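Chains as they are written, first to last, in our numbering: chain C, 1 to 269; chain W, 1 to 274.
It is possible that some hints are incorrect.
As the list claims (entries may be wrong) - In silico negatives: residues of chain C with every beta carbon more than 12 angstroms from chain W:
#1 F10
#2 R15
#3 F199
#4 G208
Said to hold, decoys possible - Just so you have them, the derived chain C footprint on chain W, three or more residues with Cβ under 8 angstroms:
#5 15-24
#6 76-84
Keep in mind the hints are simulated off the structure, nothing from the lab. Computed from a prediction, not measured in an experiment: that's the story for all the values here. Ideal Cβ placement from N, Cα and C applies to all residues, glycine included.
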Amino acid sequence: MVKKLFKHEFYAYLRTMLPMHIILLGIALLGRFVQLFENDSTAYSIVFVSSVIVFIVGAIVCTVLTLVFGIRRFHTNLFSCEGYLSFTLPVTPTQHIWVKNIVAVIAQLVSLVTIALATCVITLGDVCNEIFKAFFYITKSMYAEIGFNTTLFTLEFIVFVVLAIATSYMLFYACIALGQRAKKNRIGAAIGVFFIYYFVMQILSTIGIIILAVFEQQLRLPELFSYLEKHPVTAVHLVFGVSAVVYVIGFTIFYLVTRSSIKNKLNLE
Amino acid sequence: MKKLFKPTILVVLIIMMLSTLTGCKELDSMRKVHAVWTEKGVYDSFTLNGVEYKKVLADNLPYVYQMSEEQIFVTEPDVPVLLAASNGITFSKSRDGNFICGYLYDDPTIEYALNHAFSASEYINSGTNYVLYCKADIYEDVLEIINNGIEYNNYAYLYYDYEDGMSTASYYYLTDEENEAINKIIKEAKPTDDFDMDDNYSNLYISTVSEDHYFTDSVEYEILFSNDDSKYVFTYYSAVEEEWLSYQVPEDMTDTFDKITEKERASLKATGIF
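So that you can see chain C by itself, here it is in the shape it has in the complex (with noise of 0.2 angstroms):
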C-alpha cells in the first residue's frame, strides 16, 4: 500500500510540476534565443536583462511553488475532506508523513536540477561551455588541494541540502498538525504556530549568542575559532557536521510533533 501511496503522490506531483519545469525550460530556451542577437542597443539591452529576470523570477516561483505545493498537499490529503479517506487506507500515520515527505524532498530536488538544466538552456554554448571548464576546474584544484576531502565536502553538502529541505517540509507539517488542533480557522492557526516558532527561535538563539559573548573565555572559544582559522578544511566538515545534527534534531522534533498530532488528536471536523 505504501508503494502505491508513493505512486500516486509522485502522479499529483508530476501533473502540476512537470507544466511548471516545461515553461521554466521554455523560459530559458527563450533567453537563450534573445542572446542570438546581441548587439550593443539600447533596445537588446532592455529586452536581455528583462529575459534574465523573467528566467531568475521562473526559477524563483519554480522553488517556492514546488514548497507551496508539498504543503498544500500534506494539509489537503491528511487534514481536509480527503483526510476522512486517506485515513481509512491502510497505511499508518507514520507511513503517511514519510511518504509525504520523501516525495517532496525528491521534487523539490527535481527542481533544483531542473533549474540547474534551465541554467544550462539559456547558457547555452560557448557560456555553458565555460561554466562547466570552472567547475571542472575548480573541482580539480581542490582535489589537488585537499585530496579525498573534496568528496567529502560534496556528500555532506549533498547531505546537507537534503537535510535543510525535509526539516523545512517537517517544521510546516508540524505547524499544520498542530494549527488543526484549533476549532476555527486551521489554517491561520498553523501560520500562528509557525510565527510562535519563529519567534521563539529568535529569543533562543539570542539567548544562546549572549551566552556565548559572556562566556567566551570558559567555553574556550578564542582557542576554538583560532584552531579552525588553522584547519580550514576541518572548519567546514565542522561546519556541516554540526548543521547536519542540528536539522537531524529539528527534523525529529518537528516529525514527533506531527505524529503525535495525527495519531492522538487528528481533528477532520
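Given chain C, work out where chain W should sit, using these hints.
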C-alpha cells in the same frame, strides 16, 4: 497538441544549434584580458591574444608613461577564462599595448595560493617586485634603450578630445622646439616669487618622458596659464632645493608656450571651462 510537438522540437533544436555557433560579447571581452604563461610555472613570458610578451630582465626598470586603466590577468594555461580574474596575476597594460607591468610576488606561486581559501593565511606578508613585460618583437630594442641609460629630456601631457559628449584621452608630445624651451627654463631661468598672472588662469601638468616616449621618471612640471592672455608661469618641485620653484616664462617664449598649451586650451574650451 500532437501537431505542435514536432514543430516545437524543431524550433528547440534550431535554437540549440544556433546557440552553439554564436559567441558571447562579454566572454570575448574577458578573453581579451586573459593572458597565459608560455610555460607552466615559469614567469618569463606570456601570451595575450596571440601576442607574446617577454619579461624585461634589467636593473632599474623604468616606469611606462602611457599606462591605461585596462587590467589583464595572467594565469596558468589550464585556467578557464571565467576564473582568470580570481586565479590570475593582475597587471596593467600600456595604452599602445607595447608594455604590461605590475607587481609580482617574489615567488609568483604565492599569488595563486592567495586565491585559494585553504592556504591563503600562510603567505600574507610576502614581498613583491615591480616587473615589466614588453612585446617580444620590440624586446631587444627596449633592452638596449634601458641598458644605454634613459634620458628624460622630453615632455608630454594627457588631454581629452570631446566629441558628441564623449571624451577620448590622447597624449601630446612636445616638439623638439617646445622641449628645448622647457629645458631652457629649467636650466637657465631664475626662480621668482613675484610673477605676473591673471586671476583667471588654468594649469597643466607635463611629465618627463624618454625620447622614444615609452618611459617616464614620474617627474611632473606645472604650467599656469592665463585663460584670456599669453601669460605663463612654470613651476615644479625641486628635489635639490627641496622647495617649489616658479619661473615667469619670458615674452619671447610665449608663442612656444601657446603651442604647448593649445591642446589643453581646446580641451578646456570644449568642456566650457573658459
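Exercise for the section: Against chain W, does R15(C) hold up as non-interface, every C-beta pair farther apart than 12 angstroms? Expected result: holds (15 angstroms)
Problem - Annotated coverage of the segment 15-24 of chain W by chain C, confirmed only when three residues or more have a Cβ within 8 angstroms - result: holds (count 9)
Exercise for the section: Classify the label on G208(C) as holds or violated, using whether its beta-carbon is more than 12 angstroms from each beta-carbon of chain W. Expected result: Its Cβ never comes within 12 angstroms of chain W, the nearest being 27 angstroms, so this holds.
Exercise for the section: Confirm or reject the coverage of the segment 76-84 of chain W by chain C under the rule of 3 or more residues with a beta carbon closer than 8 angstroms to the chain's beta carbons. Expected result: Holds: 6 residues of the segment 76-84 of chain W have a Cβ under 8 angstroms from chain C.
Problem - Non-interface claim for F10(C) versus chain W (Cβ beyond 12 angstroms) - result: At roughly 23 angstroms from the nearest Cβ of chain W, F10(C) sits farther out than 12 angstroms, so the non-interface label holds.
Exercise for the section: Hey, is F199(C) genuinely clear of chain W, shortest beta carbon separation above 12 angstroms? Expected result: Per Cβ check, F199(C) is outside 12 angstroms of chain W; nearest 36 angstroms; holds.
In this structure, none of the earlier numbered hints is contradicted; all agree with it.
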